[in-house]
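Asks: Here are the chains, one letter per residue:
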Amino acid sequence: MILLQLAINGVLLGGVLALSALGFNIVFGVMRVVNLAHGDFVVLAAVFAAYEFAQSGINPLLLLPLTIVAGFVAGALIHHLLLRRLPGEIASAEASSLTLTFGLSYFLTGAGLATFGGRFVSVPYLTGAFQLGPISIPQARLLAFAVAVVLSLAFAFVLRSTALGRAIRATSQNLDGALACGVDVDRVRTLAFAIGTAVATAAGTLMSFLYNLNAQQGVLFTVNAFAVVVIGGLGNYTGAVLGALVLGLAESFASYFVGATLAEAAPYLLFILVLLLAPGGLRGRRAA
Amino acid sequence: MTEPLLAVDGVSIAFGGVQALSEVSLEVRDGEILALIGPNGAGKTTLFNVISGVLRPDAGDVRFAGRSIVGWAPHRIARAGVARTYQIVRPFGRLSVVDNVAVGALVHARTIERARNDARDVVGFVGLGAYADRPASSLTLTQRKRLEVARALALRPKLLLLDEVMAGLTPTEMDGMAEFVLHLSERGIAAVAGIEHVMRLVMRISHRIVVLDAGRRIAEGDPAAILTDPAVIEAYLGAPLGIGG
Amino acid sequence: MKRAAAVLAALVIVVLILAPLRLNGYAINLLYITLLSIGLAYGWNIISGYAGYFSFGQIAFFGVGAYATGLLVADLHWFWMPAAFAGGVLACALAIPLGYVMLRLRGPFFAMGMFGMAQMVRVLVTAIPATGSGSGLFLPPGSGITEVYYWTLAICAGAIALTIWIDRSAFGLRLQALREDEQVAGTLGVDTTRAKITAFALSALIPGLLGGGYALFLTYIEPDAVFSSRLDLQSIVMAILGGLGTVWGPLIGGLVMTQISEALWARFPQIYLMIFGGLLVALLIALPRGIVPAIADRFAARRNA
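These protein sequence lines map, in sequence, to chains Y, A and B.
Taken in order, the first sequence gives residues 41 to 328; the numbers are from this note's numbering.
Taken in order, the second sequence gives residues 12 to 256; the numbers are from this note's numbering.
Taken in order, the third sequence gives residues 29 to 333; the numbers are from this note's numbering.
What the hints contain is simulated information worked out from the structure, not anything from laboratory work.
Incorrect hints may appear among the rest.
Unchecked claim - Some chain B residues close to chain Y (C-beta under 8 angstroms, calculated; not the full set):
| hint | residue |
| --- | --- |
| 1 | LEU39 |
| 2 | PRO125 |
| 3 | ILE192 |
| 4 | PHE199 |
| 5 | GLN287 |
| 6 | PHE304 |
Claimed, not checked - Distance ranges between label pairs, derived from CB positions:
| hint | chain 1 | residue 1 | chain 2 | residue 2 | range |
| --- | --- | --- | --- | --- | --- |
| 7 | B | ALA155 | Y | PHE170 | 33 to 41 angstroms |
| 8 | A | ASN128 | B | ILE45 | 55 to 63 angstroms |
| 9 | Y | ASN276 | A | ARG67 | 21 to 29 angstroms |
| 10 | B | ALA155 | A | HIS119 | 45 to 53 angstroms |
| 11 | Y | ASN276 | A | ARG167 | 24 to 32 angstroms |
| 12 | B | ARG222 | A | GLU190 | 33 to 41 angstroms |
| 13 | A | ARG167 | Y | VAL298 | 38 to 46 angstroms |
Even for Gly, the Cβ is constructed at its ideal location relative to N, Cα and C.
Chain Y on its own, in the form it takes in the complex:
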């Protein structure tokens, strides 16, 4: 029964992780940019939601539109003003954007600590749980899971059925082809990055009532998102959902069986194992 409980917790967690990873995946899929600041967007949104709740009792779900818009705007600015302007001299484009988002991550962490302080916060919302016999399903988790699913489906809809979505898919699959078809690649990339960060902040807002977080934990979520995306296949959105479920289950079981201190290492261990064992162009190059 414990196992079933852990599994359910894991699945619910996986749903929210999937949303977070979705944002990361969009950016990677479209631009081959690994946004190391991704987790900071998640965490800052969570901390902000917790802060607002403490100040004015406002329901984090009501803050969702606000955080989504803020995330979108921030992402658009970051891409438009910074990422676009990376010259190719210091290293490959990959290494440059990687290091830039690395710096950005620290910047955001510092900003978060400066604004909100270093305390661990969360939103005590819906702390009850539904009881299905011996299994308890925490309401907060279920809600977060539901919202995550809705947002993911909304994004999938955009991707599949709108002009923007087509442009995004075209740009990520075949850059030259997209250019030839008149796609404004710069604009698509800015929008994709903005959507990525908006989704991250949405996920973070939901996380605020799942976890105790502080402004320094962005990295953990970046690593999580990275692991999910790598398991599922880069740019593969459905695969990422599966990856998120795997990761959610793994974390759920790990913290139960291995204990708190070592469980801290679990996401990183899983991440590294996934990097090393996952198929696809991760492990050096096989073909020219």
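Assemble chains A and B onto chain Y, guided by the hints.
Replies: Quick look at chains A and B alone, frame taken from chain Y:
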């Protein structure tokens, strides 16, 4: 009959669901120039990747100087005497022209000074002497093609794999390159020249021709015979083989 | 010109050697931190600048060196110098198998993989009961700031000498070829695996040795202090600011940044992160190759004009 310098024996490889090469076999002898022709996507580059060790075939064998080199790391194959150029030139952009060539020269030179000296000689030999100390990224495409060849030569290879070395050159430059390859052949360096078109050069420089199409060898023989082979003509979709072009 | 530079360098070294005799504690502290930062930047420069494998987890080796030294001194009562040396050797030895595994990853995967590795190493090291399990490890007094200063000066000088050698050697040329295009380097005869792992091991040895010194400096080590992301970030920024893949880049970057860095960290830790993070971003856009190449280009332009 002595052992051929290079023997590719029944090599097959697939990736991404595509059978890139199916049981391809060919031989190259010392000093011989073999033209490997075929339409784009026929598998020429893949075959070069297999021979140079970048890719490992699913089946078949590759023997160089009598030894099987399948599974050898690329650097080991290079040291054994197989040098390759790349279809899309890939110079070490931030290194100087000399340093680009010195990397290969390190295989035979004991010290870096010696390697750089040897490299300068090769750089001069291919006509890039004036640009020796400039960063490779500052070279034009034609110059980069020469750099590709220079880098390969620095390995003092017994076999050169030239992947589309003519692409992007003017007719005069192509003639120059052809002369160059012939010159090397006279000095005992064998070459496999992967060429998509420009048949007049193929006719001029090659001792033998192997034709690939969709990963298979569809013809092999001397230039005159290949020209009239119906399978070859069909593979090129009836396009004239343009001897006069 | 070269002779003048060599004389200058010799003078600087003499001054640095004599410094502890004349300067007060605070100044020596600052000098020590400067040398430490410069050394770390040099370590990072090898794997990331010369070999082109950006690593966001070299701090793992710093921490390993620190804890190894700490344990040897605290529990096994070793004399400080062999203990610090052993810290470096252990970090280097760890790097070899680690390198075999991690260096198969390319670009962002390697960078993040190393980051994850550093976190894992931190957790594992602090899980060992002997290390005080997160509540810290006390080192008995037995070495003062002077010893640590000289140790760090020696390592830093060694790192610079090593970098000079790499820059001019066949090994360095192979590394740079690998950085520019790993596959082509392979088909031109470079044993890329061996070159990468050697570079990685050297990039672990330096922080390992420096970490040993740091443990002795702090005399009380806890995980966050030695597996410090701030030191990691700092060495990266310094190397990039000065000029990645150059001989003098990390020195220039270190000299310029350390003073600002220490002042900021002491007073405004959160702003520190913001400034360093923001600085890294600005550098990549405005001055991507760093100070040293920019100056070198200016000189070259003047000569050719």
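Asks: In ascending order, which of the hints set out earlier in this document are inconsistent with the structure?
Replies: 1, 2, 3, 4, 5, 8, 11, 13
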